[in-house]
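Undergrad: Below are the chains, spelled out letter by letter.
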Amino acid sequence: MSDNTRQMNSARREFLSKAGATAGAVAVAPGVFLTAPAAAKPADEKVSDDKRWGLLIDTGKCANGCDACVSACENENGWGGNDNSEKQSSEEQRAQWIRKVQLKEKATGHVSALPLMCQHCETPPCVDVCPTGASFRRVDGIVLVDKHICIGCRYCMMACPYKARSFIHEDLTDQKPWTPRGKGTVESCTLCVHRVDEGGTPACVEACKAENHNAMFFGDLYDENSEISQQLEQHGGKQIRADLGLNTGVRYRGI
Amino acid sequence: MSQSTLFSRVVGILTSLLLMMPLASSADEEGHRLPFSDLVLTEPTRHFSDTQECVEPEDEMKRNHMNYILHQRDETMYKGIRTRQYALEECINCHAVKGEDGEYIRVEDPRHFCASCHTYASVNIDCFQCHADIPVRESTLQQSQSADSQHPAQAAYAGNHGGKIQ
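Protein chains in written order, with my numbering: chain A, 2 to 256; chain B, 514 to 679.
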């Protein structure tokens, strides 16, 4: 290949990747699509509903007794852990953004473990019941609490079928600047929104990869070429309590 | 001395005191001393640019800093806009004050930059019930300014996550 051709190719690639970043996928010929790798959005750009962030959890790979995802979340977001500042609260009262749950099938005795956290529903019951509008779903599918207007009524905690939310009962200190948390407000998994906005992946997914379990996948559910969409297409993924029709962003395989 | 003479003298003294006050406060302004208080507004660790001290002109910041923070808050919360110029974290990174022991002063102490004015003005702020009142990670504002001629608000913020607070 001559130098000229290479230059042309790289220019063409650059053009395509730029076009891809705006359009998601580019049709180079009928039925053939090129997709740019997911790039971090510029800091001043709004999130858009072209994306819907989701998680896929393969319970077959999720190791019994491993809680790397839980401790990674604790470290990242500053809840739980040894230096827990919720000293007055009981074990049940303390914040729990993500928990490992063991399921035992009675008929066969088969035990499987899975991490359970906010399922980032498309129609979240917590948002339905919130009297102040503090509980909201961001356009890219991440369900959050605006603690500035949360009055701590805890209706959302009662409405959530996944027990995903926690209420903070006491004054906290030394919160992380990227995860403000405080007394009198409800909180839950944010899908590590501060990382996602920079093009990163949630701390739990990273920790699972680091442990070489690879049981968690994070990505854009609307992008048919993303790893998560392809995994879902090939092997499927169930919702927990699919009967509620919430269309959760977190899917499980092997339950 | 009759009562009316005493009264007029007192009024006279008070009036002259009042007249002198603007002079006194303008002299103190050099050191950013708060009027009627021993508290001094501390200098930030650095300036926004060679020509501008803070992210907006100082007078504008004194009056309207809350509006910039409030606006940024909603932009970040709902739209995921994570520019650094008006981020509360960057206010803290620049304006945090260290005590004699070399440790950062927490917001409960009136020497904390935000607390100094707010204690004085009796304006109660809730920001630090949830937000960090001392610097935790390196500022990314300066970097993004010097990287190129790009407006700082447009520069991506690349924080170092997972760092534990000591």
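Since the hints were made in silico from the structure, they are not lab data. Do not take every clue at face value.
As the list claims (entries may be wrong) - Only pairs whose alpha carbons sit at most 30 Å apart, straight line, appear in this in silico DSS-like list of lysine-lysine:
1) A:Lys88 - B:Lys611
2) A:Lys105 - A:Lys88
3) B:Lys592 - A:Lys88
4) B:Lys611 - A:Lys47
5) B:Lys575 - A:Lys164
6) A:Lys88 - A:Lys164
7) A:Lys164 - A:Lys239
8) A:Lys62 - A:Lys210
9) A:Lys101 - A:Lys88
10) A:Lys105 - A:Lys239
11) A:Lys148 - A:Lys107
12) A:Lys62 - B:Lys611
13) A:Lys210 - B:Lys575
14) B:Lys592 - A:Lys47
15) A:Lys164 - B:Lys592
16) A:Lys148 - B:Lys592
17) A:Lys62 - A:Lys105
18) A:Lys148 - B:Lys575
19) A:Lys239 - A:Lys88
20) A:Lys62 - A:Lys148
21) A:Lys101 - A:Lys148
Unchecked claim - For each label pair, taking beta carbons as the anchor points, the in silico distance ranges come out as:
22) A:Pro132 - B:Asp587: 16 to 22 Å
23) B:Asn577 - A:Asp129: 20 to 26 Å
24) B:Lys592 - A:Glu93: 32 to 38 Å
25) A:Arg100 - B:Arg546: 33 to 39 Å
26) A:Pro132 - B:Phe549: 39 to 45 Å
27) B:Glu588 - A:Glu93: 33 to 39 Å
28) A:Ala41 - B:Glu571: 31 to 37 Å
29) B:Asp587 - A:Gln94: 28 to 34 Å
30) B:Ser635 - A:Gly200: 42 to 48 Å
31) B:Gln565 - A:Thr133: 56 to 62 Å
32) A:Ala211 - B:Ser635: 36 to 42 Å
Said to hold, decoys possible - A few chain A positions that, by computed beta-carbon distances, are all more than 10 Å from chain B:
33) Glu46
34) Val102
35) Leu145
36) Asp147
Each residue gets a CB set at the ideal place from its N, CA and C atoms; glycine is no exception.
Undergrad: Compare the structure with each hint and give your call.
TA: Going down the list of hints, with the structure as the test:
1. A:Lys88 - B:Lys611: holds, 28 Å
2. A:Lys105 - A:Lys88: Status violated; Cα separation ~33 Å.
3. B:Lys592 - A:Lys88: violated, 34 Å
4. B:Lys611 - A:Lys47: Since the Cα atoms of Lys611 (chain B) and Lys47 (chain A) sit roughly 36 Å apart, the hinted pair is violated (cutoff 30 Å).
5. B:Lys575 - A:Lys164: violated, 44 Å
6. A:Lys88 - A:Lys164: At roughly 22 Å apart (the allowed maximum being 30 Å), Lys164 (chain A) and Lys88 (chain A) satisfy the hint.
7. A:Lys164 - A:Lys239: Since the Cα atoms of Lys164 (chain A) and Lys239 (chain A) sit roughly 18 Å apart, the hinted pair holds (cutoff 30 Å).
8. A:Lys62 - A:Lys210: holds, 11 Å
9. A:Lys101 - A:Lys88: Holds: Lys101 (chain A) and Lys88 (chain A) sit about 22 Å apart, inside 30 Å.
10. A:Lys105 - A:Lys239: Since the Cα atoms of Lys105 (chain A) and Lys239 (chain A) sit roughly 17 Å apart, the hinted pair holds (cutoff 30 Å).
11. A:Lys148 - A:Lys107: violated, 41 Å
12. A:Lys62 - B:Lys611: Roughly 49 Å between the alpha carbons, so the hint for Lys62 (chain A) and Lys611 (chain B) is violated.
13. A:Lys210 - B:Lys575: violated, 47 Å
14. B:Lys592 - A:Lys47: Distance of about 5 Å is within 30 Å: holds.
15. A:Lys164 - B:Lys592: holds, 26 Å
16. A:Lys148 - B:Lys592: holds, 15 Å
17. A:Lys62 - A:Lys105: Since the Cα atoms of Lys62 (chain A) and Lys105 (chain A) sit roughly 16 Å apart, the hinted pair holds (cutoff 30 Å).
18. A:Lys148 - B:Lys575: The given pair, whose Cα atoms are some 26 Å apart, holds under the 30 Å limit.
19. A:Lys239 - A:Lys88: violated, 37 Å
20. A:Lys62 - A:Lys148: Cα-Cα ~35 Å, so violated.
21. A:Lys101 - A:Lys148: Since the Cα atoms of Lys101 (chain A) and Lys148 (chain A) sit roughly 26 Å apart, the hinted pair holds (cutoff 30 Å).
22. A:Pro132 - B:Asp587: 16 to 22 Å: holds, 19 Å
23. B:Asn577 - A:Asp129: 20 to 26 Å: This hint is violated: roughly 37 Å between Cβ atoms.
24. B:Lys592 - A:Glu93: 32 to 38 Å: Because 35 Å falls inside the window, the suggested range holds.
25. A:Arg100 - B:Arg546: 33 to 39 Å: Violated - the Cβ-Cβ distance for Arg100 (chain A) and Arg546 (chain B), about 53 Å, lies outside 33 to 39 Å.
26. A:Pro132 - B:Phe549: 39 to 45 Å: Holds - the Cβ-Cβ distance for Pro132 (chain A) and Phe549 (chain B), about 43 Å, lies within 39 to 45 Å.
27. B:Glu588 - A:Glu93: 33 to 39 Å: The hinted range 33 to 39 Å holds for Glu588 (chain B) and Glu93 (chain A), with Cβ atoms some 36 Å apart.
28. A:Ala41 - B:Glu571: 31 to 37 Å: Holds, since Ala41 (chain A) and Glu571 (chain B) (Cβ atoms, about 33 Å apart) stay within the stated range.
29. B:Asp587 - A:Gln94: 28 to 34 Å: holds, 30 Å
30. B:Ser635 - A:Gly200: 42 to 48 Å: Given range 42 to 48 Å: holds, Cβ gap about 44 Å.
31. B:Gln565 - A:Thr133: 56 to 62 Å: Because 38 Å falls outside the window, the suggested range is violated.
32. A:Ala211 - B:Ser635: 36 to 42 Å: violated, 50 Å
33. Glu46: With a cut-off of 10 Å, Glu46 (chain A) comes too close to chain B, as the shortest Cβ separation is near 7 Å.
34. Val102: For Val102 (chain A), whose nearest Cβ neighbour in chain B is about 25 Å away, the distance exceeds 10 Å, so it holds.
35. Leu145: About 7 Å separates Leu145 (chain A) from the closest Cβ of chain B, which leaves it inside 10 Å; violated.
36. Asp147: Violated, since 5 Å does not exceed 10 Å.
In summary, the structure is inconsistent with hints 2, 3, 4, 5, 11, 12, 13, 19, 20, 23, 25, 31, 32, 33, 35, 36 from the numbered list given earlier, while agreeing with the others.
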